[in-house]
Amino acid sequence: MKIKLQNIGIIEEVNINIEGITLIAGQNDSGKSTVGKVLYSIIKGFNQNINLFQDEKNSRVIYRYQDILKELKKNESIDITEFQIKEISSEWLEKIEKTIQLESINEDSRKALSDSLRMLKKYFYVDFNTIEQKKDEITNWLRSEIATLHNVFKTSETISKIEIEDLEGNATIEQWYKDRDFIFINLDNNLETYLKDVYFIESPSIVDESLQRFVGKDGAQLYSRNRQEELAKSLSNPLTNTTSDYSKIYKEISEIINGEITIDLLQGVRYKKNKQDLNIKNTAVGIKSFGLIQLLLKNNRLNNRTLLIIDEPEVHLHPTWQVKYAEILVKLSKDFDIPMLLTSHSPYFIEAIEAYSKKYNHEKSTNFYFSKKNEDGLSSSIIDVTKDISPILSSISEAFYKIQDINDEV
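The numbering used here puts the first residue of the sequence shown at 536, with every later residue one more than the last.
No lab work stands behind these hints, which were simulated from the structure alone.
Wrong hints could be hidden among the right ones.
In silico EDC-like links for lysine to aspartate or glutamate, alpha-carbon gap of 20 Å or less [to be verified]:
#, residue 1, residue 2
1, 630, 614
2, 646, 667
3, 656, 590
4, 670, 590
5, 731, 872
6, 609, 554
7, 656, 629
8, 893, 862
9, 670, 643
10, 899, 862
11, 833, 886
12, 937, 919
13, 670, 622
14, 786, 812
15, 609, 662
16, 808, 744
17, 869, 911
18, 807, 787
19, 656, 701
20, 908, 846
21, 869, 898
22, 937, 923
23, 768, 790
24, 894, 911
25, 608, 547
26, 633, 591
27, 657, 700
28, 657, 591
29, 810, 799
30, 731, 698
31, 866, 799
32, 537, 650
33, 833, 787
34, 605, 638
35, 859, 886
36, 810, 780
37, 605, 548
38, 605, 643
39, 537, 547
Start from the sequences and build out the full structure, keeping to the hints where you can.
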């Protein structure tokens with residue numbers, strides 16, 4: 536998958552190839568995480584779960600149905616019990632249409648009823664996995680994920696644009712900021728993306744006692760528009776219809792942290808270190824970083840159709856473990872064809888990704904990008920530095936050079 540962003544959040548422009556390992560580096564507040572949020576929205580939007588679709592469809596229909604009843608109740612000449620039903624039908628919709636035209640309905644009420652009926656019919660007749668439904672779903676995900684990302688130019692002439700080039704076709708999404716609404720989506724006939732699922736890891740702190748309450752959830756309960764909640768449910772429940780042999784790399788992780796993270800409905804979330812059984816509350820966040828990967832592997836959540844997004848994985852990790860973590864990720868991507876999008880500002884982690892991608896012959900599937908602020912200080916651009924990552928290292932090593940200057944002054 537290739538993705539191009541223009542005027543999204545702080546990002547002025549970026550072209551990124553999602554294949555193997557994609558690493559975006561740069562200083563804080565340079566737009567590194569924005570790409571991940573957009574990709575998460577795109578993949579979820581193109582591959583909606585039917586249970587979530589049906590749940591939301593029913594909720595919207597019921598909401599509009601109640602609006603109609605509330606408006607009809609205002610009219611004393613109408614017996615509202617005639618319109619109270621257990622299930623919406625075409626006959627009921629026709630009955631409402633005829634009622635709206637009655638002389639006893641005033642203009643304000645007629646307009647309110649017409650608007651509610653129009654929205655109810657829109658939701659009632661929508662089918663799963665159609666082009667129109669897919670457009671609505673992509674819009675919903677983008678709104679929930681990047682609604683807080685303001686366009687830096689803030690002019691009515693500016694257009695935010697997302698272009699996706701995928702195996703099954705292309706898609707274009709544009710937004711005019713004068714009304715802050717996504718008003719143009721062209722899917723070019725592709726209803727799904729090659730990537731079918733995505734996990735976004737913002738912090739290993741998600742591995743805590745709260746995971747216990749998600750054990751045993753299934754069906755529609757497993758799906759949510761909250762990405763952290765969905766990750767938590769996936770960490771707590773295995774996929775039973777797929778198997779992959781992760782035993783070797785799982786063992787490597789266990790050797791690094793001298794144990795494993797387990798989740799049990801009765802015992803809760805535990806860190807089993809050698810022969811000790813420890814409460815997760817007493818476990819270092821660095822161990823949770825590796826344990827999180829263990830849980831995803833144990834539950835068969837990672838594969839070549841699932842994008843793994845990790846935001847600054849070096850946080851809470853000692854430099855030695857940053858290097859180990861990088862090696863694990865490169866091996867996962869290389870041996871199991873797992874696509875990854877990583878963001879970082881750690882020279883240890885970034886150079887480790889580069890070194891191990893060369894060591895394990897994964898260099899051609901590893902791409903590096905540098906997110907840098909533009910001269911205006913308000914926007915940023917993300918450039919491809921795969922052939923030479925020195926711009927990354929120079930930028931994130933400024934603190935080291937500053938300390939050197941201070942020492943020279945002493």
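Where does the structure disagree with the numbered hints, that is, which hint numbers, in rising order? Failing hints, ascending: 2, 6, 9, 11, 12, 13, 15, 17, 19, 22, 23, 24, 25, 26, 27, 31, 32, 36 and 37.
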